[in-house]
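*Asks:* One-letter residues, chain by chain:
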Amino acid sequence: MARSDVQLMLEVKAGDEASFELLLRKYRTPLVNFLYRIVRDQGTAEDLAQEVFLRVYRARLEYAPSAKFTTWMFRIATNLALNALRDGRHRQQEISMDQQAVHSDEAASPWEVADRRPGVEHELIQRDRAVFIRRAIAQLPEKQRAAVLLHKYQELDYDEIARILECSESALKSLLFRAYESLRVQLAPLVGQSAAVGETGELGR
Amino acid sequence: MNCTKIDSKWIVYFDGKASPSERREVEAHLASCSACRRRAEEYRAMWDLLDELPQILPSPSFDAAVRARAAAEARRGRWAWLVPSPRLAFAMSMLLVLSVWIASRPVAPNPATTSSAAAELNGEADFRMINDLQVLENYDVVSNFDALSDLPAQSGGASQPSAQPPSDM
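Going line by line, the protein sequences match chains A and S. Our numbering puts the first sequence at residues 144 to 348. Our numbering puts the second sequence at residues 877 to 1045.
Among the hints, a few may not be true.
Stated by the list, open to error - Below, a list of computed lysine-lysine pairs in the DSS-like style, where the Cα atoms sit at most 25 Å apart:
| id | chain 1 | residue 1 | chain 2 | residue 2 |
| --- | --- | --- | --- | --- |
| 1 | S | K885 | A | K295 |
| 2 | S | K881 | A | K156 |
| 3 | A | K286 | S | K893 |
| 4 | S | K893 | S | K881 |
| 5 | S | K881 | A | K295 |
| 6 | A | K169 | A | K211 |
| 7 | A | K169 | A | K295 |
| 8 | A | K286 | S | K881 |
| 9 | A | K295 | A | K211 |
These are computed hints drawn from the structure, not numbers from a lab. What you are looking at is a predicted structure, and each value in this text was computed from that prediction instead of being measured.
Pulled out of the complex, with its shape left as it was, chain A reads as follows (with noise of 0.2 Å):
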């Protein structure tokens, strides 16, 4: 039977290394993605990660599980992201997300539209597609931000959220009724375009 994160992490403070590789194969992808969503570099994202999971083993051996696993280190995550926002880090290195190459979806610059080969076509729209989606999450207010990614992508309790947010539940309910009423009139006008490419399924319901 698999062991509870708690589990796992009251084992790696018995001085268990096994457990934390386990942790560490289990949340690195969504942490990394968590974070990159936020800072938009790939390279800050994932020295944020690694932070966050040296944070986790240095506090190993205080370790007294009060909340879950993934609220200490959501919010753990949530802090440098956000503290690495104001830094202006990330804006330096906005530019190189044209340049980011073998993990990412946006290798590409959208507008680099020389093949126009039926298939290629496509995946460059998928491409723009997901660039205007990025933006439109980055262009929310930080705190939205981060209770749309929670929400959406972590697929956390509001109870949660709210804890990692250090905000009230009905606060919380508050961002991310605001946050997806920006983001429905920012993706509208891709709304209109996945039904003249004629993609199927997603509308049709």
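Following the hints, put chain S in place on chain A, whose structure we already have.
*Replies:* Just chain S, lined up with the frame of chain A:
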């Protein structure tokens, strides 16, 4: 119920976490309000669009980097009891340097000593004398100062206050 009222129930409703009464309220309103119905359609479309956001993968060196940083932490930890914090270590070393420097400084002249001999017989006095060369050059003036006749002859090393016989300089 007007449009802004279901705003507060919007998120829980679309998350499927509304209470039965909340659900009834929202659905009743949607049935009667075309603007909110349109808004609901757009919300669902936006929700699906957000799913299109691709995931990125951590770089291949990610795990190794975390392990390296954790290992470095563990190594530093062995010496942590000696050096509780870098700031404290710095402060302590500065204090040490300061104490050594203070201890190595020559004793300053103290007017409370019984004789001014000890005060004069040190490097600082010599230095001050060099500074006062202009005065010394006016030897005739200086040699006629009565007070100076009470001063002992200059010689190196004597640390004991002793009543030395006055001598002409």
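*Asks:* With reference to the structure, classify each hint as holding or not holding.
*Replies:* Hints versus structure:
1. S:K885 - A:K295: 17 Å, holds
2. S:K881 - A:K156: Status violated; Cα separation ~49 Å.
3. A:K286 - S:K893: 22 Å, holds
4. S:K893 - S:K881: Cα-Cα ~17 Å, so holds.
5. S:K881 - A:K295: At roughly 23 Å apart (the allowed maximum being 25 Å), K295 (chain A) and K881 (chain S) satisfy the hint.
6. A:K169 - A:K211: 15 Å, holds
7. A:K169 - A:K295: 18 Å, holds
8. A:K286 - S:K881: 24 Å, holds
9. A:K295 - A:K211: The hint holds at about 18 Å.
Checked against the numbered hints given earlier, this structure breaks only hint 2.
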